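Keeping their order, the protein sequence lines are chains Y and V.
The opening residue of the first sequence carries number 1 in the numbering used here; numbering runs sequentially from there.
The opening residue of the second sequence carries number 1 in the numbering used here; numbering runs sequentially from there.
Note that these hints are calculated values from the structure, not bench results.
Some hints here could point you the wrong way.
Here are the simulated BS3-like pairs of lysine-lysine, each with C-alpha atoms no more than 27 Å apart in a straight line [claimed, not checked]:
#1 K348/V <-> K2/Y
#2 K34/Y <-> K207/V
#3 K34/Y <-> K10/Y
#4 K348/V <-> K276/V
#5 K207/V <-> K275/V
#6 K274/V <-> K348/V
#7 K348/V <-> K371/V
#8 K348/V <-> K368/V
#9 K10/Y <-> K348/V
Reference excerpt, derived from the structure (chain V facing chain Y, CB under 8 Å, subset only) [unchecked claim]:
#10 H37
#11 V39
#12 L219
#13 V248
Pair ranges (Cβ atoms, derived) [claimed, not checked]:
#14 K10/Y <-> A98/V: 22 to 30 Å
#15 K10/Y <-> G11/V: 41 to 49 Å
#16 H83/Y <-> E33/V: 47 to 55 Å
#17 H81/Y <-> R209/V: 52 to 60 Å
#18 K276/V <-> P22/Y: 38 to 46 Å
#19 G41/V <-> A86/Y: 24 to 32 Å
#20 Q33/Y <-> R209/V: 29 to 37 Å
#21 V56/Y <-> Q226/V: 22 to 30 Å
#22 T38/Y <-> G232/V: 16 to 24 Å
#23 K333/V <-> M1/Y: 47 to 55 Å
#24 G41/V <-> A21/Y: 34 to 42 Å
#25 E59/V <-> K10/Y: 42 to 50 Å
#26 G32/Y <-> R209/V: 44 to 52 Å
Since the structure is predicted, the reported quantities are computational estimates derived from the model, not experimental observations.
Cβ atoms here follow ideal geometry from the backbone N, Cα and C, with glycine treated the same way.
Take a look at the letters that make up each chain.
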Amino acid sequence: MKRVIVINAKDNVAVALEEVAPGEEIEADLGGQKVILTVQEAIPFGHKIALRPLAVGEPVIKYGEVIGEATQPIAPGAWVHLHNLASRRGRPA
Amino acid sequence: MEFLGYPRPDGTVGVRNHLAVLASVFCANQVVENIAHQVPGAVPLTHPLGCSQVGADLEQTARTLISLGRHPNVGAVLVVGLGCERFPAQELYAGVAASGKPVEMVVIQEAGDSLRAVEQGTRLARRLMEELSRQERESCDISHLTVGLKCGGTDATSGIAANPAVGVMSDLLVQAGGSTILTEVTELLGAEHILAQRAVNPDVGEKIRATIAQMEERLRRAGSDQRFSHRGALISPGNMDGGVTTVVEKALGGITKSGSAPFVDVLDYGERIKKKGLHLLDSPGHDGESVTGLVAAGAQIIVFTTGRGTPTGFPIAPVVKVTGNPTTYQRMKENIDYNAGAIIEGEKTIAQAGTELLAEILAVANGKRTKAEILGHRELLCIARL
Numbered sequence: 001m002k003r004v005i006v007i008n009a010k011d012n013v014a015v016a017l018e019e020v021a022p023g024e025e026i027e028a029d030l031g032g033q034k035v036i037l038t039v040q041e042a043i044p045f046g047h048k049i050a051l052r053p054l055a056v057g058e059p060v061i062k063y064g065e066v067i068g069e070a071t072q073p074i075a076p077g078a079w080v081h082l083h084n085l086a087s088r089r090g091r092p093a
Numbered sequence: 001m002e003f004l005g006y007p008r009p010d011g012t013v014g015v016r017n018h019l020a021v022l023a024s025v026f027c028a029n030q031v032v033e034n035i036a037h038q039v040p041g042a043v044p045l046t047h048p049l050g051c052s053q054v055g056a057d058l059e060q061t062a063r064t065l066i067s068l069g070r071h072p073n074v075g076a077v078l079v080v081g082l083g084c085e086r087f088p089a090q091e092l093y094a095g096v097a098a099s100g101k102p103v104e105m106v107v108i109q110e111a112g113d114s115l116r117a118v119e120q121g122t123r124l125a126r127r128l129m130e131e132l133s134r135q136e137r138e139s140c141d142i143s144h145l146t147v148g149l150k151c152g153g154t155d156a157t158s159g160i161a162a163n164p165a166v167g168v169m170s171d172l173l174v175q176a177g178g179s180t181i182l183t184e185v186t187e188l189l190g191a192e193h194i195l196a197q198r199a200v201n202p203d204v205g206e207k208i209r210a211t212i213a214q215m216e217e218r219l220r221r222a223g224s225d226q227r228f229s230h231r232g233a234l235i236s237p238g239n240m241d242g243g244v245t246t247v248v249e250k251a252l253g254g255i256t257k258s259g260s261a262p263f264v265d266v267l268d269y270g271e272r273i274k275k276k277g278l279h280l281l282d283s284p285g286h287d288g289e290s291v292t293g294l295v296a297a298g299a300q301i302i303v304f305t306t307g308r309g310t311p312t313g314f315p316i317a318p319v320v321k322v323t324g325n326p327t328t329y330q331r332m333k334e335n336i337d338y339n340a341g342a343i344i345e346g347e348k349t350i351a352q353a354g355t356e357l358l359a360e361i362l363a364v365a366n367g368k369r370t371k372a373e374i375l376g377h378r379e380l381l382c383i384a385r386l
């Protein structure tokens, strides 16, 4: 079981505390419930892993707050980063 | 809680006793360097500003230079000007002298040429240094200590290890009567509601919101030129490699440096702190500009968390480097003072790390030199422009 941290009970992503290879499992708390997920792709140290499916436009929650919205459909265990997550804050109108 | 510091005539207390050779304008920079070179231990304060600026931008430069000269870590100042600059050396001299500390001035065009200016300045600096060398540390209350809170080279460990540990330290220091200052307003986007809720009263809450909103508006305008859309990123390549995806994510991890204390006020750039407790400083996120702003506000020590690792320092204030990334600490041991990566490895709790960090800060206050000080790093003196 690779180590991850879920910072806040409201979060829908976990942070990898070590590199995770495709096919490895992680155990995390999703809203107080333990989930075990098989990771879909290589996750570098410190990067985010989706804890449940997210539709395009759905808020990604970390630290209990919205950090941005999914720009692609995201499956549980998927790597969440620049390719599927963006925030509108600070961008030109 | 006490520390050993240098009391100043204006009631502030320094953790260092520097002789600052301070340029009023960039044209005096080499003369400043040459004087400081001939008086080992004197600190040259050079910068690219002081002329051909107008309005609020010039005022901000002037205010910041005066605040740096008045800083509690500075025991005496030699102001060096050219003679024709828009921010007159006389005005810098008067602003610093009002603090009661020993100040002298050399103006290159009045001295005659740069060589005469260096000679005049060296003789004045030698006398100031002799006076300073007689001053001893005294026991002072912790309420005189202000610590600036900073992060740079952020990665994913910043928000879960290093910054929360700094937040614990900040709460402990504020509880004991000291002060801390949060800044980097460009990187507070998305966290304004959290900070505003922690204001001591609605006026301060409104100031916090307005400060962040104004900065966001500046960013939106600057980013709207289509020719440079590839330069629009609000976070750095290092942040992204380190696992940070959006500026909001960075902000939420960054604000943990401020712990849970209430915000007592918002400071303008270059303005000195007047109250005790946790403050917000209006400054962009640029490492140099924000640290310069924190020091100008009166912070005697800067705590600087870094996930990716940066060796930078500030000429007149110790910068304590903290990382939450165990790999970065191993790699950059010569530049990083405290390893909060132990939190990631499960060896320490955030509370333990925060308590140890406060002890480290007190040691630095009492005279322990940081790695950036020992290796002579002075990159962070950069005054923000408007």
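Results of checking the hints against the structure:
With a CA separation close to 19 Å, the supplied pair K348/V and K2/Y stays within the 27 Å bound. Annotation: proposed proximity of K34/Y to K207/V is violated, straight-line Cα distance about 41 Å (limit 27 Å). Proximity of K34/Y to K10/Y is assessed by CA-CA distance (about 13 Å); at most 27 Å being required, the pair is judged to hold. The suggested pairing of K348/V with K276/V is violated, with an alpha-carbon distance near 30 Å, which exceeds 27 Å.
For the proposed pair K207/V and K275/V, the alpha carbon gap of about 16 Å is at most 27 Å, so the pair holds. Between K274/V and K348/V, the direct Cα distance comes to roughly 36 Å. Violation of the 27 Å bound is thereby established for this hinted pair. For the hint linking K348/V to K371/V, the alpha-carbon distance of about 23 Å falls within 27 Å, and the restraint holds. Taken as a hint, the K348/V and K368/V pair is honoured in the structure, with Cα atoms around 24 Å apart against an allowance of 27 Å.
For the proposed pair K10/Y and K348/V, the alpha carbon gap of about 25 Å is at most 27 Å, so the pair holds. Hint status for H37/V: violated, given a least beta-carbon distance of 43 Å to chain Y, over 8 Å. For V39/V, the interface hint is violated, the least distance from its beta-carbon to any beta-carbon of chain Y being 46 Å, above 8 Å. Given hint, L219/V at the interface with chain Y, holds; its Cβ is 5 Å from that chain's nearest Cβ, closer than 8 Å.
Among the interface hints, the one on V248/V holds; its C-beta lies about 5 Å from the nearest C-beta in chain Y, closer than the 8 Å criterion. The beta-carbon spacing between K10/Y and A98/V, approximately 51 Å, falls outside the hinted interval of 22 to 30 Å. For the pair K10/Y and G11/V, the beta carbons lie near 46 Å from each other, so the given range of 41 to 49 Å is met. Taking the beta carbon of each, H83/Y and E33/V are about 48 Å apart, inside 47 to 55 Å as hinted.
Range check, H81/Y to R209/V: Cβ separation about 30 Å, and the 52 to 60 Å hint is violated. Taken as a hint, the range 38 to 46 Å is violated for the pair K276/V and P22/Y, whose Cβ atoms sit roughly 53 Å apart. Against the hinted window of 24 to 32 Å, the Cβ-Cβ separation of G41/V and A86/Y comes to about 51 Å, which falls outside the hint. Roughly 36 Å separates the CB atoms of Q33/Y and R209/V, a value that falls within the hinted 29 to 37 Å.
Here the CB-CB span from V56/Y to Q226/V is close to 25 Å, well matched to the stated 22 to 30 Å. Restraint check, T38/Y to G232/V: a C-beta distance of roughly 36 Å breaks the suggested window 16 to 24 Å. For K333/V and M1/Y, the hinted distance range of 47 to 55 Å is not satisfied, since their beta carbons lie about 31 Å from each other. Hint check: G41/V to A21/Y, Cβ distance near 54 Å, so the stated range 34 to 42 Å is violated.
Taken as a hint, the range 42 to 50 Å holds for the pair E59/V and K10/Y, whose Cβ atoms sit roughly 44 Å apart. At roughly 32 Å, the beta carbons of G32/Y and R209/V sit outside the given window of 44 to 52 Å.
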